[in-house]
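**Student:** Below, each chain spelled out in residue letters.
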Amino acid sequence: MSEFADQIFVNAKRSLLAPMAHLPGWLVQAASSLIDIFALLAVFLTLFALVSVLERKILARIQNRYGPNRVGPFGLFQPVADGIKMLIKEDVVPARADKPVHFLAPILIAAAAILALGVIPYGRNMTPFSIDGGILFFFAVGSTTELAVFMAGWGSNNKFSMLGAMRAIAQMFSYELPLIVTVLPVVMVVGSLMPDRIVAAQAGYLFGFGPRWFVFTPWGFAAFIIFFVSGLVESNRTPFDVPEGESEIVAGHMTEYSGFKYATFFMAEYLGMFATSGLGITLFLGGWHAPLPLLEFIPSYVWFFAKLSVLVFIYIWIRGTLPRTRIDQIMNFAWKFALPMSFACLVAAAVWHYAGRGFSGWFLSLAVVAGVYTGLSLLLDTRRKFAPRVYRFAE
Amino acid sequence: MNSAAFVLISILMLGAALAAATLRKLMHAALCFALTFAGLAMFFLLLGAEFVGLALVFIYIGAVAVLIVFTILLTRRDAVKERRFSWVGAVIAVAAFGTLAWSILRTESVSVVAHRVPPLTVGRIGEALMTGYVWPLQCTGVLLTAALIGALVLVMEEKQ
Amino acid sequence: MSRSIIDHLWLIPAAPLVASLVILSLANSRRKSAAALAVAGQLAAFAMSAVAFLPTLRSDGFRSTHNFAWFVFGEQTLRLGFILDPLGVAMLLMISVVGLCIFIFSVGYMAADKNFVRFFAYLSFFSGAMLGLVIANSLLLLFVFWELVGLASYLLIGFWIERPSAAEAAKKAFITTRIGDMGFFLGMLWLYDRSGTLLFYDGGRGCLEPAGLAMLGGSATLIALLIFFGAAGKSGQFPLHVWLPDAMEGPTPVSALIHAATMVAAGVFLVARVYPLFSWGALDGVTPSLTMVVWVGVTTALMAALIAIAQTDIKRVLAYSTVSQLGLMMVSLGVGGVAAGIMHLLAHGFFKALLFLGAGSVIHGCHGEQDIRRMGGLRRSMPATFATYAVGMMALSGVPLFFSGGWTKEEMLHVAANWPPSRAPYYLIAIGVILTALYMTRQIIYVFFGSRRAAAKQAHESPPVMTLPLVALAFCSVFFGVVLTPAWPWLHGYLTGESVRFDPMRLIQPIFFVSLALVGAGIGLGAWMYRKAGAQDGDRPAEIDPLEYAQPALFRFLANRMWIDELYARTIVAFAWASARMSDWLDRRFWDGLARGLGAVGRLLSIFATGVDERGINAGVDETTMGARGLGRLLSLAHAGRVRVYLGVLALGAVALLLFYAWLD
Amino acid sequence: MTPTLQSFLIVSAALFSIGLLAALSRRHAIFVLIGIELMLAAANLNFIAFWRFGPQQEAPVGVLIALFSIAISAAEAAVGLALVIAVYRHYRTTNVDQLDQLKG
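Protein chains in written order, with our numbering: chain G, 687 to 1081; chain R, 198 to 357; chain U, 328 to 992; chain C, 35 to 138.
To be clear, the hints were calculated from the coordinates, so they are not data collected in a lab. Check the hints yourself; a few may be wrong.
Straight-line C-alpha distance at most 27 angstroms; calculated DSSO-like pairs for lysine-lysine [said to hold, decoys possible]: (1) G:Lys-845 x R:Lys-222; (2) G:Lys-845 x G:Lys-775; (3) G:Lys-785 x R:Lys-222.
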């Protein structure tokens, strides 16, 4: 039963491909990738729509409002309304804009986001493009986002856009390092760049109940935190949304975009968020594995999306809670804390591995991580020490 | 590997390269440059060098192209007066291509068809890098560090 | 015990070197600590040398080495090492004792100098290098220290760098010794090429041991001569002696330590160290190289002694006497009396240092006056200096029986007398002995006797910090003789490894009376000649030297140092200038022309490129302007950083190459 | 029919000469740089192609060399662009034809 539920989508795809078995191989391959892409788009666009409205509702709750509740039951059709509005809006292109660049930017950014989604294993045997260098692929296509952002900033020749693009690229560059370096320990420990293998390496349970997710090792935990924060920055969300800080530069690189192109940017941002969270899940949260053996019967993809929704909720929660940080704070955090810390994770992972991945390794790596953490925090501690208040002129 | 993909990719890549070489607007040229490398990466995938292809995309589109556009941005005020297209370059380039193509075509030893090869996994590359090629690897690391520092020093604002 | 001593032998030179490094890092105002450090370093070196001295006493002919690999290239290992043997230890002791005295002396002498700290840094540096030199067991290591002492001497001669004369002298010394060192270096390379090792003693494989020497074969003579060339440069032997007198521009303690006692003796030491190389294949103790050494030594000894007679600068007199004494040592080495030469070297170290320090004290007392004709009658105003100086003078001129110099002179005359080939060196150095006594008498009369002249008016005795070292050195130069007497030639035995016994009868030998007669003659002649020196005598004015009055031509010849410097200036220096000018001319006319030619070729290329370039473009205006700007501009075009032109030419070249290869097959 | 080594070489030769064209015919320093990068890319393509069609030995030498050359050319690009910026600051131009004085 559970087997059937687990593999239902895989079997569906097989049955779709079965009739064209006699066609040349590359055609079949193209067809299967097309199916994957359609599936991806369908799933994630729906998810995007849902999340967009959920975000607004959750933010509203956090800010003690009602949020959208007019269109459909609980305002669930709000995204549909938004989509229609976006589609029928006029698409304004500035007169002095660099037209082709201005036009291509949103397409490129969306394409990158979707491609990045392609290598993530969503369930047992459910990896759209299961390639050997999957992680590298993820970052390769992810890195094109920066170019797209720049194109957006340059193309709509407008100082706000340019400034926003510069800020975005600056922080993306700075956080790409910690992001990648925190991935390295996992790659090192698993010995492969292939997401499926990484997920497989986190299978099984300790003493029959403790999941062997990397997040439960000290280095994995620290790396996951850094990874999560860096992902937050990469997707330009609060508290790292200086690139589109409404109060300073209108909407950053999206200032000059309207209508459907703006919607594309918006979508790309969410897809990027999903992609980063998905990678985080794959790397640290055990992918589609169930947290407890007795919950195995629930299909794997369900677990994946459950984890995804938790992470997304945390994203929204953070957005609703934290104020915007200054650009210099962001940079300092990246270079002075996140990067050294991620290197510490690398070392700790090595220690963990060579100490036999047992308890001794666990504690040793904990020692490494904790030591570096305390050292860095002592080093970077800039809090002013407040003196007790004295009343000099009273009586 | 099939020839359709080969033809498509080569057309894409060479067209992009030609555009990068000849376009009047610097920014467009730079973007076509990035596109060229995307095509090259596809070539590498076609040739079964997956890792190198991805690394190429990662490095060139993610880093070098962005660097280039940044440089364009920083040196924007200087609009180089491109006079009419200089033919010397074209002549030399065509001559170079002619001789190269001619000499490639007249060597039979290179007209071989690819035989099946074991897939090149990242593991194998890593193994080679960590065993036989660890010294070049270290040297490359040193070189990159030097380049990083050198670039920083070069572009640092000199204090008046 | 002794093993561990040998393994830690390197500590001896290390102590002063470390001291000098620390001193260098001191602020210029930390005079006390600088002096203290230097003296402490020297003391440590002395103590360790004393410790190292003990094991060598036990067995006769004791020799022990500690070798280590420096680095490996290919399948060859370059090995260095330290050696502990009587020769080295004797030198160690002499250097550290004399050095200690001189360090203490210079605390007083340099008290007023503003670069006090730097001075002591250099001094300790020198001492460390010198100590290292004598315990080196590898020609290469020896050469390294050799160059280091050369550097130290350069730095110290030019210590008063603000004086142009000092700077000149420093340069002269450095370059002249370099000329010698070139010979040394060539000899070393050749030796390595032949024997494959530079270690002196390496358990039978060293280059000074029969096996190694056998490998050299006939080339031994030439190698020895090359090395001797270096030695001659260092210890101012005849062709290369010119730098030493000028080196007196340095502070007097420096002259005492480096240019009298230790460094200049390094040449003699080197010859003694590689003596097997010289005496290889000797038939009854005569080889071509040794004969060469003898004659060079004789020439130097006589010439320098003659020149010394006519010098009026107190330090120059001593300098030339140093040169001639070194010549004597060389002679005795050459005739086979290694022990005699080294004994004289050690004794000479003591009393020559004493004399120089005395001279320093005199100069100090006379407020920087160095001309002996303007002194006089100082024996009353500076008695301590006078007494010690007199001791030194008598030791140097070799008064027998009481002074170390006497015994060593006698010894040297003895060995020279029984040199098989000829007795000429014997007679010649006999004359040298007379001359030594003569000029020393002249000097002491001029300085300490007679009437007080200009500079001596308000002369004063030096502070104890300067006189005490004098006393100590005087003590040494008297009682060092105890181990030299023929009655009980302990040092001789110690050096040669023969066992000695006490036999007073051996005091009474013909050679003893010979040397007595020679010295007596010298002193008597001097006393007679200069009885009225510096005073009005008949129709001779006071400031004219008696000899000058008697033999003006001869005197001028000697006073101008036989015009050897001028000779060099006319020949060697002039040649160097000429060749420099020629190469300059070549560079300007010939090579530059060539470069211009190449430029023209490049220019043609660029004209072609630009020509094609312009034709596509507006009416070749640039072409005409280029024509107008003329050759220089056109030339510059080829080299004008036109990246694209370079690249284009490059590409064309590549195409051409490809076509060429295609055409080949 | 499947592409032979020859066809790949032809393509890389074309890429190379396009790079040469860019380096030769443009005056903007960045174009020169782009041209050089293109030429390097052509070289890399050659490496990979020869590796793919050549005899397979243990270590994928061509791929490794391509990787190294990519890293090196990335470094070269970084320094080159930094130079362009520095030069621009100093001379206010990026026209390689105006940058023809060989002293600073």
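**Student:** Does Lys-845 of chain G pair with Lys-775 of chain G here, judged by a C-alpha cut-off of 27 angstroms?
**Tutor:** 24 angstroms, holds
**Student:** Check whether the Cα positions of Lys-785 of chain G and Lys-222 of chain R lie no farther apart than 27 angstroms.
**Tutor:** 12 angstroms, holds
**Student:** For the pair supplied as a hint, Lys-845 of chain G and Lys-222 of chain R, is the alpha-carbon distance within the 27 angstroms limit?
**Tutor:** 19 angstroms, holds
Going through the hint list in order, the structure satisfies each hint without exception.
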